[in-house]
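> Generate coordinates for the entire structure from the input sequences, incorporating the hints supplied.
Sequence lines, in order, name chains L and R. Sequential numbering of the first sequence, starting at 1, is according to UniProt numbering. Sequential numbering of the second sequence, starting at 1, is according to UniProt numbering.
Worth flagging that the hints you see were computed from the coordinates, not collected in a lab. Among the hints, erroneous ones may be present.
Identical chains blur together in the list; that is why a pair holds if it fits in one copy or across any two.
Below are the SDA-like pairs computed for lysine to any residue, each with C-alpha atoms no more than 20 Å apart in a straight line [said to hold, decoys possible]:
1. 186 - 113
2. 186 - 128
3. 186 - 205
4. 186 - 82
5. 186 - 79
6. 186 - 143
7. 186 - 109
Take a look at the letters that make up each chain.
There are 2 protein chains.
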Amino acid sequence: MSHHDRPTPEFAAAVPQPDGTPERLRRQIEFVVEVDQLKNVLRQSPLLAADRRENDAEHSWHLALMVLVLAEYADEPVDVVRVLAMVVLHDLVEIYAGDTPLYDSAAGADQEERERLAADRLFAILPDDQRDRFRALWDEFEERTSAEARFAKAMDRLQPLLLNYGNRGGTWRTPGVTEAEVLARKSVIGDASAELWDYARTLIRTGADRGWVPRADPGA
Amino acid sequence: MSHHDRPTPEFAAAVPQPDGTPERLRRQIEFVVEVDQLKNVLRQSPLLAADRRENDAEHSWHLALMVLVLAEYADEPVDVVRVLAMVVLHDLVEIYAGDTPLYDSAAGADQEERERLAADRLFAILPDDQRDRFRALWDEFEERTSAEARFAKAMDRLQPLLLNYGNRGGTWRTPGVTEAEVLARKSVIGDASAELWDYARTLIRTGADRGWVPRADPGA
Ligand SMILES: [Ca+2]
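Written as structure tokens, this is what we have:
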């Protein structure tokens with residue numbers, strides 16, 4: 001198997017790996033180095049614990065923690081290691097494609113294409129077998145074609161809800177966002193867990209009761 | 001089972017969960033909210049991708065990613081889901097106990113006791129069964145009593161090595177640190193994987209060759 005057609009990615013190339021590093025390990029380490037950039041991709045949501053926006057690496061860690069705590073609420077049996085792998089990997093494409101805010105429909109339009117190209121580029125750093133395995137996990141997550149993917153996606157939708165609720169609004173205060181739109185964007189939680197969707201709806205309704213998310217668009 | 005003796009932790013109590021949230025779920029969500037503070041615990045290591053120090057949440061995510069990429073190098077078979085759980089949980093105690101830098105022997109002296117008390121307090125937020133399961137995983141990681149724990153610890157030691165190497169020094173430049181001390185502190189990698197320990201030693205030796213870590217303490 002030749003890897004000569006796939007050069008070291010630009011970021012990881014800044015400090016080359018030592019001579020004599022076995023080829024397979026070199027590619028794997030270059031991937032591990034390249035993805036350090038996920039810590040630099042900022043999301044819209046402010047943290048609970050500090051007055052700054054969350055980054056994708058922190059967010060992905062929080063989802064993994066949530067999987068460990070909340071997996072028992074999955075309506076269908078899930079293989080936890082696959083759910084964990086999906087949440088750890090799910091945002092890596094944003095290193096090249098950037099974060100697309102949930103409530104930004106314009107940016108959402110070409111998001112799929114941008115992220116697909118980013119996935120081609122990023123996962124190609126890995127040895128072929130891992131490239132294919134990671135890409136398949138990411139595709140599965142995006143397409144929600146398994147119980148694991150549905151549960152991983154539910155965590156991805158529930159976590160910012162917890163941040164918004166704990167921040168008494170957060171990105172719920174984005175102009176134009178309404179309770180109905182939040183409910184619509186979050187309804188995929190119900191495809192994974194009736195109990196967590198019940199809880200999520202209670203959070204959103206309580207937020208609306210308290211004026212943290214508008215019942216209707218005041219500009220409409 | 002009564003939970004009335006265990007109140008909502010202070011941080012999570014700032015915005016109480018909605019009335020009617022089932023008791024078990026309420027405790028789990030309070031834990032998920034409480035641990036948002038891990039994003040605020042700063043480590044010594046600077047990131048590769050930005051000119052700032054890494055936080056524990058980002059670090060924990062990076063370890064999880066490394067487990068997915070590098071598990072094949074474990075010398076003994078490992079149950080990947082248990083390794084992932086350990087790296088996701090391993091630094092949570094630092095929310096209450098703070099980060100203890102690897103090259104700070106004074107802070108290291110009472111570290112064990114402080115972290116044990118922090119674990120008592122933090123994991124008690126969870127329902128009893130999860131409290132016991134998470135605590136057992138953390139104890140196992142700390143004591144390195146299984147192949148999973150040894151591999152998780154190896155990732156925890158290898159990751160900052162990658163950051164230091166990529167930063168042409170990083171915390172290797174802490175006064176008093178020498179190549180021999182770095183080798184000693186990192187040798188646990190060899191308990192998990194001969195191949196990764198071989199690679200780690202090459203990184204350290206290359207760092208010393210290039211003057212990123214002193215061969216001997218210039219003050220000695
Ligand atoms: Ca630590």
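> Hints first: check each against the structure and report whether it holds.
Here is what the structure says about each hint:
1. For the homomeric pair residue 186 and residue 113, neither the shortest alpha-carbon distance inside one copy (23 Å) nor that between copies (43 Å) is at most 20 Å.
2. Taking the closest pair of Cα atoms, residue 186 and residue 128 never come within 20 Å of each other, the shortest separation being 35 Å inside a single copy and 30 Å across copies.
3. In this assembly of identical chains, the alpha carbons of residue 186 and residue 205 lie at most 20 Å apart only when taken from the same copy (13 Å versus 51 Å across copies).
4. With identical chains, the CA atoms of residue 186 and residue 82 are never at most 20 Å apart, being 22 Å at best within one copy and 30 Å at best between copies.
5. For the identical chains of this complex, residue 186 and residue 79 are neighbours neither inside a copy (23 Å) nor across copies (33 Å), given an alpha-carbon limit of 20 Å.
6. For the homomeric pair residue 186 and residue 143, the shortest alpha-carbon distance inside one copy (16 Å) is at most 20 Å, but the shortest distance between copies (41 Å) is not.
7. Taking CA atoms no more than 20 Å apart as the test, residue 186 paired with residue 109 passes inside one copy only; the shortest distance there is 19 Å, against 47 Å between copies.
The structure fails to meet hints 1, 2, 4, 5 from the earlier list, while all remaining hints are met.
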